[in-house]
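Student: So the chains spell out like this:
2 protein chains.
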Amino acid sequence: MTTGHVFIGTSLDGFIARKNDDIAWLTDYPTLGEDHGFNAHMERMDGVIMGRGTYEVIKHFRPWFYSKPVLVLSGSITQTDVPEEIADKVEIVDATPEEAMQLVAGRGWRAAYVDGGKLIQAFLRAGLIEDLVISRIPVLIGEGIPLFGPLGADLVLEHVETQAFPSGLVQSRYRVPGNAA
Amino acid sequence: MTTGHVFIGTSLDGFIARKNDDIAWLTDYPTLGEDHGFNAHMERMDGVIMGRGTYEVIKHFRPWFYSKPVLVLSGSITQTDVPEEIADKVEIVDATPEEAMQLVAGRGWRAAYVDGGKLIQAFLRAGLIEDLVISRIPVLIGEGIPLFGPLGADLVLEHVETQAFPSGLVQSRYRVPGNAA
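Going down the list, the sequences are from chains A and B. Our numbering applies: residue 1 is where the first sequence begins, and numbers increase by one. Our numbering applies: residue 1001 is where the second sequence begins, and numbers increase by one.
Source of the hints: derived by calculation from the structure; they are not laboratory data. Misleading hints may appear alongside valid ones.
As the list claims (entries may be wrong) - Below, computed lysine-lysine pairings styled on PhoX-like, alpha-carbon distance capped at 25 Å:
{"#": "1", "chain 1": "B", "residue 1": "1019", "chain 2": "B", "residue 2": "1118"}
{"#": "2", "chain 1": "B", "residue 1": "1068", "chain 2": "A", "residue 2": "19"}
{"#": "3", "chain 1": "B", "residue 1": "1019", "chain 2": "A", "residue 2": "118"}
What you are looking at is a predicted structure, and each value in this text was computed from that prediction instead of being measured.
Put together the whole structure using the sequences plus the hints.
Tutor: Below is the structure:
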């Protein structure tokens, strides 16, 4: 079965975007040329699964951001909504987290990069996340779209490692017990 | 002027308590005998300023938890509401954050431990916090009382240091620029 992996940046108060989807506070953060491991993370992934909210934000990025196939889970948009320039890179699928993981497992994906707040929460609830790398930017933005949300029950994670960078970014990796490959 | 200091534990999803004020997920967390610096922090403080919400939780603790004077900011309870056993240790004051800091400055406090989610937020908005030590427990509790809340504007903090403990607790210290003593 394919394993799900989170790699995401948040404000110190736990938001992944402002309520209007603005992430300039994140993308404009002065990272001093530091390598926070995103490229190495992408190398290990066979593709990306994201929700519609994240897709709506990143679909405008040019040059196209992802070197691996992107699956967008949505019941409200379809493949015909995808801009032509990225139509061979993005696939819209109306599927549950479980169905999506079965689909990509059938395609030989061993590891899926799961992105977007609501989708990460849904994959966590479904027990489909193996680990999370959370990079905290030292800024409080007050309100926004939270990384985490309601769960059916407490979820105790295993802390793997934490690295603090000179820019002030603090990156921690957590494993979800029982969801190892 | 007295400086304000935060030293607080949160869940990985940023809560300081469940909605019913339960903090067993925090107090029962197996810390493996680690010293997370609370006693050293208290040594540096001249007293504690907390909100009524936090007071209602900790007022039942016996033996009494604090070695320094405790000021509770509240407009809804008064000194007569304080249990007799701790009446000489707790003072209820109906004051704004600024008024409270002026009051304790007049008493010679150099450093105040500011505790409780809403009070920390109010002190942050008022520019009265010099630094924050945040200890993250590796558990997602889904919902609860958040440490942080709305601010008038983004607040960029300066990361000072981060330490990861074998128990999985990750402790970071941040300084609020411009609010140094």
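Student: Now look at each hint and say whether the structure bears it out.
Tutor: Okay, the hints, checked on the actual structure:
Between residue 1019 of chain B and residue 1118 of chain B the alpha-carbon distance is near 13 Å, which keeps this suggested pair within the 25 Å criterion. Taking the CA atoms of residue 1068 of chain B and residue 19 of chain A, the gap is near 41 Å; set against the 25 Å cutoff, the hint is violated. Taking the CA atoms of residue 1019 of chain B and residue 118 of chain A, the gap is near 21 Å; set against the 25 Å cutoff, the hint holds.
Hint 2 from the list above is the single one not met by this structure.
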